[in-house]
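Take a look at the letters that make up each chain.
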Amino acid sequence: MNMARETARLFDRMRERRPLVHHITNYVTVNDCANIAICAGAAPVMADATEEMDDMVAIAGALVLNIGTLNERLVSSMLQAGKRANEMDIPVVLDPVGVGATPYRTETAKMLLDKLEVSVLKGNAGEVATLAGSEAKVVGVDSREVSGDLLTICEEYAVLSGCNVAMTGPQDFVSDGTRSYMVENGDDMMEMVSGTGCMASTLVGAMVSGKEDALAETAAALAAFGLAGEHGARSAQGPMSFKTALFDGLQALKVTELAAGARVTRL
Amino acid sequence: MNMARETARLFDRMRERRPLVHHITNYVTVNDCANIAICAGAAPVMADATEEMDDMVAIAGALVLNIGTLNERLVSSMLQAGKRANEMDIPVVLDPVGVGATPYRTETAKMLLDKLEVSVLKGNAGEVATLAGSEAKVVGVDSREVSGDLLTICEEYAVLSGCNVAMTGPQDFVSDGTRSYMVENGDDMMEMVSGTGCMASTLVGAMVSGKEDALAETAAALAAFGLAGEHGARSAQGPMSFKTALFDGLQALKVTELAAGARVTRL
Amino acid sequence: MNMARETARLFDRMRERRPLVHHITNYVTVNDCANIAICAGAAPVMADATEEMDDMVAIAGALVLNIGTLNERLVSSMLQAGKRANEMDIPVVLDPVGVGATPYRTETAKMLLDKLEVSVLKGNAGEVATLAGSEAKVVGVDSREVSGDLLTICEEYAVLSGCNVAMTGPQDFVSDGTRSYMVENGDDMMEMVSGTGCMASTLVGAMVSGKEDALAETAAALAAFGLAGEHGARSAQGPMSFKTALFDGLQALKVTELAAGARVTRL
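These protein sequence lines are chains W, H and D, in that order. Numbering of the first sequence is given in my numbering, commencing with residue 1 and proceeding in unit increments. Numbering of the second sequence is given in my numbering, commencing with residue 1 and proceeding in unit increments. Numbering of the third sequence is given in my numbering, commencing with residue 1 and proceeding in unit increments.
Rather than coming from a laboratory, the hints here were simulated on the basis of the structure. This one's a predicted model, so the numbers in the text were calculated from it and none came from an experiment. Check each hint, because a few of them may be wrong.
Unchecked claim - Not the full set, but computed from the structure, chain D residues with beta-carbon under 7 Å of chain H: (1) Val75; (2) Ser76; (3) Met240; (4) Ser241; (5) Ala259.
As the list claims (entries may be wrong) - Have a look at the derived ranges for each label pair, beta carbon to beta carbon: (6) W:Thr50 to D:Asp188: 12 to 22 Å; (7) W:Thr50 to H:Thr178: 26 to 36 Å; (8) H:Ala252 to W:Asp12: 35 to 45 Å.
Even for Gly, the Cβ is constructed at its ideal location relative to N, Cα and C.
Chain W on its own, in the form it takes in the complex:
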């Protein structure tokens, strides 16, 4: 299969669906998640009160859980939302932001993975390696430093966790343990903008709402986002004008451009 064309097809389908992506996420990058959803062609909703959780999840196409600014109240909401999504067969994406930086984050991510059926676990190399129990060195919530073979860590953790695992970095790896993709789109500038990881999770949520092929949909999300980043980098004067161009670029991204520019490889 031509994965670039498949990526373009899956992205186009997502735009046709205009899926509602429900987020329980951090207050640092939440606005970026909302806007990137719109620019992608999806619709965002952010709600975290237990009082409305069952109702809000019920109308969503996907649920994105992001532990960037955790607290007890949010953890309860995430559990409730995740259970509701599982009952209704609504795909759940977990972004374990900063796992490894503190035991609280690590334990919370593991608890969520234990109690919920997570369709896609999406983290950077350090985060995934931490959850996988690798000898990962993680500093803060932004570090991507990790030792070891990334693809192997990704594949093995997909088997152990039972999730589709997406591990982002200069090259992204996506694996369910038996099938794996590498995505090579992107630009270094993306690491200079707070929240690109969170935005990627939003896009994964939008894509896997298709429930066609979560692995290929996840790879397509990362490829489209990376390609928008490549386009954005052309006109950028620095990180913040790049950020503007990234959003604009995703909104303007044509299916034909994706079919030509998506660098998704079956491994």
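Fit chains H and D to the supplied structure of chain W, relying on the hints for placement.
Coordinates of chains H and D only, in the frame set by chain W:
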């Protein structure tokens, strides 16, 4: 009366007052509300702790309540702030974000409308229609789809609620039940940016702090915002560069441009 | 000592350290704080749950406490984080946003100053004057109006509080009571963007993580930020394009430009 010139006059007065607009709002678009207030010529404040609510409301020119990301703690704060504002004759604007998406939102909005004297209820067509009990179809918090005659819904709900009602969309309607305005400024691009509805409520708050004519002030807020959007759309490459231009455009908006470009019609 | 060159040297050292700056801050400008840290060459982390506070502080180079949107839960977290930082000799920066607007803010800021060893207290003139007990007139959280001699207020409050005090405005003053600097970089446009004060505190945190000379490091933070503002203003069309250019400008700021353009004077 020449409504465009009246709009310009009211907007100019607001800039002279530089009103402090107190917000209890959602964490998704709160930064946009702060910056749009500054660009308009007002001053924003965001505070939601009950410990300081009475004091903060007391120094404000208007109070904006936005239920975008509700929780129990915020609801208590909104009630306390609204009562204080009512006691002190400070205008209250309610933006019932996402009403209809979940019963919790609908009940909370109705409770606030019941317990507080709301000067202006500002929502999109779906939100207002939901509160009015019309057969509205609302999907998520962003939908504006609704059936029925919008002006009639707006007028009737103004009578039933006792509020000035502003119903935004491709055309905005503002009514107190007996007097109504239509505002035709704006650009389609505004729907591609998260938070334009919230920003409009901030501007309504800034304007009605004048306590001169809440209905005309509300129409003027929507006209000025829409005209800034029209100006912004000229230079935009996409949703996010449009957003930048929208803020810049509002800050640069001249009284003479508003007098020439405001499309406010008495119905 | 040539303070411009010293400013450049200290800023360069900070970039080499790439310090992790831990924030407990408000939800209005938190994204700006994250991005300005990255643009400066530091790494941001935002976390406010008591469950992870001791662990997160332990890996940080500095702690920034910002009371912009206070509540009881955040106050507990700030106390815990501050005590942990003090134990570990990690510099603490306090930004008393809106002090004077409500007794809750004033009392909370004073309590934090009483219970914690704050390395740098950074506020605008009105905020510092309020804490100093001067006859300051403060309206809302953004006002910088204050009467009296600013340098004297700054110096005296440095003695009384035992902190390094940074008082921002058209001219910034930084003092430990015996030694004082004036920083004259900046652009009027910075007051048209919500959160420039919060961002300055982030930069102060990044700089004082060096633990070389907190006073000179604070002055250097304000000079670098102001110079980035001067550069940004050249290309700005209005407040929001200025904001983009401010971030880009800080990221692009060369050590040689800082050595040439920093306007830091020993008083």
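Now the hints, each set against the structure:
A cut of 7 Å between beta carbons decides the hint on D:Val75: the least distance to chain H is about 9 Å, and the hint is violated. Because the smallest distance between the Cβ of D:Ser76 and any Cβ of chain H comes to about 13 Å, over 7 Å, the interface hint for this residue is violated. Restraint check, D:Met240 versus chain H: the minimum CB separation of about 4 Å is within 7 Å; hint holds. Of the supplied interface hints, the one on D:Ser241 holds, with its beta-carbon coming within about 5 Å of a beta-carbon of chain H, less than 7 Å.
Interface restraint check: D:Ala259 against chain H, minimum CB-CB distance 32 Å, threshold 7 Å, status violated. One distance hint, 12 to 22 Å for the beta-carbon pair W:Thr50 and D:Asp188, is violated here, with the actual separation near 46 Å. Separation of W:Thr50 from H:Thr178 is about 42 Å and departs from the stated range, judged on CB atoms against 26 to 36 Å. A C-beta distance of roughly 38 Å is found between H:Ala252 and W:Asp12, which places it inside the suggested range of 35 to 45 Å.
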